[in-house]
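Student: Sequence:
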Amino acid sequence: MKNVRYLTRLTLIQLTVMALLITILLVQLLIPASNPESAAMSEQSTLSLLPELPSLQEAQQQIEQFDEISERPLFYSTRKPQEISTAMTATRRPDRTPEQDWILTGIILNGDENMALFSAIGKKNHESLKNGMKLSGWTLDEITPDSVMFSNDGREIEMQLIKPSAPASKRSQRSTKSSSLFINRSQYGKVVRPLDNQ
7 MKNVRYLTRL TLIQLTVMAL LITILLVQLL IPASNPESAA MSEQSTLSLL PELPSLQEAQ
67 QQIEQFDEIS ERPLFYSTRK PQEISTAMTA TRRPDRTPEQ DWILTGIILN GDENMALFSA
127 IGKKNHESLK NGMKLSGWTL DEITPDSVMF SNDGREIEMQ LIKPSAPASK RSQRSTKSSS
187 LFINRSQYGK VVRPLDNQ
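Take the sequence shown: its position 76, counting from 1, is numbered 82 in our numbering, and each next residue is one higher.
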């Protein structure tokens with residue numbers, strides 16, 4: 007019984023709120039209709055908020071701007087790259103010389119069968135060339151005991167053979183003379199002479 011009274015009161019409250027809202031809506035609709043000046047002003051303000059539509063010619067010109075897209079669709083296998091005009095072409099970068107990419111590591115002189123041995127800088131790539139062979143687009147012209155000559159389009163460069171490092175016995179003598187910090191390899195990590203700042 008208690009629930010029925012509660013639901014009845016709730017329903018009456020809902021009906022009252024709905025009636026109030028309907029009257030507010032009717033008043034709002036009837037007031038602008040009774041005042042023609044305010045209706046005309048509101049109509050002009052709504053028209054000013056709408057964007058101005060372009061003319062038919064302007065719309066056609068805008069569509070023609072996209073003709074190239076329809077002729078060269080982006081995701082089709084038949085798509086062709088845009089033709090590059092001469093003004094857009096990049097200037098050709100200068101050719102790299104073998105000196106920029108290779109080191110002359112050895113020369114083998116054996117009568118007519120002379121060979122030059124090269125190692126790529128920063129890579130584990132090696133090449134052995136005879137006279138007339140090409141390296142990085144340059145032709146090997148001459149092999150001498152301590153250098154080689156390359157030519158390309160009238161330009162010539164000479165690469166010197168790298169100097170061999172000192173033999174192991176000379177290196178060890180130099181290292182013991184120059185560094186008094188360590189006496190021999192077994193004492194690495196041990197300070198032989200004290201540091202000056204302590």
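Hints were generated in silico from the structure; no laboratory data involved. Here the structure is a predicted model, which means the values were calculated and not measured. Treat the hints with care, since some could be wrong.
Unchecked claim - Cut-off 25 Å, straight-line C-alpha distance, at most; resulting in silico cross-link-like pairs (DMTMM-like, lysine to aspartate or glutamate):
#1 Lys169 to Asp107
#2 Lys169 to Asp152
#3 Lys130 to Asp118
#4 Lys140 to Asp159
#5 Lys130 to Glu105
#6 Lys169 to Asp147
#7 Lys169 to Glu148
#8 Lys130 to Asp159
#9 Lys140 to Glu105
#10 Lys136 to Asp159
#11 Lys136 to Glu119
#12 Lys136 to Glu164
#13 Lys169 to Glu119
#14 Lys169 to Glu105
#15 Lys130 to Asp107
#16 Lys130 to Asp152
#17 Lys129 to Glu105
#18 Lys169 to Glu133
#19 Lys136 to Asp107
#20 Lys136 to Glu105
#21 Lys129 to Asp107
#22 Lys140 to Asp107
Student: Now tell me, hint by hint, if it's right for this structure.
Tutor: Hints, verified against the model:
no.	hint	result
1	Lys169 to Asp107	holds, 18 Å
2	Lys169 to Asp152	holds, 9 Å
3	Lys130 to Asp118	violated, 29 Å
4	Lys140 to Asp159	holds, 13 Å
5	Lys130 to Glu105	holds, 16 Å
6	Lys169 to Asp147	holds, 22 Å
7	Lys169 to Glu148	holds, 19 Å
8	Lys130 to Asp159	violated, 29 Å
9	Lys140 to Glu105	holds, 13 Å
10	Lys136 to Asp159	holds, 19 Å
11	Lys136 to Glu119	holds, 7 Å
12	Lys136 to Glu164	holds, 15 Å
13	Lys169 to Glu119	holds, 23 Å
14	Lys169 to Glu105	holds, 15 Å
15	Lys130 to Asp107	holds, 12 Å
16	Lys130 to Asp152	holds, 23 Å
17	Lys129 to Glu105	holds, 14 Å
18	Lys169 to Glu133	holds, 19 Å
19	Lys136 to Asp107	holds, 18 Å
20	Lys136 to Glu105	holds, 17 Å
21	Lys129 to Asp107	holds, 9 Å
22	Lys140 to Asp107	holds, 13 Å
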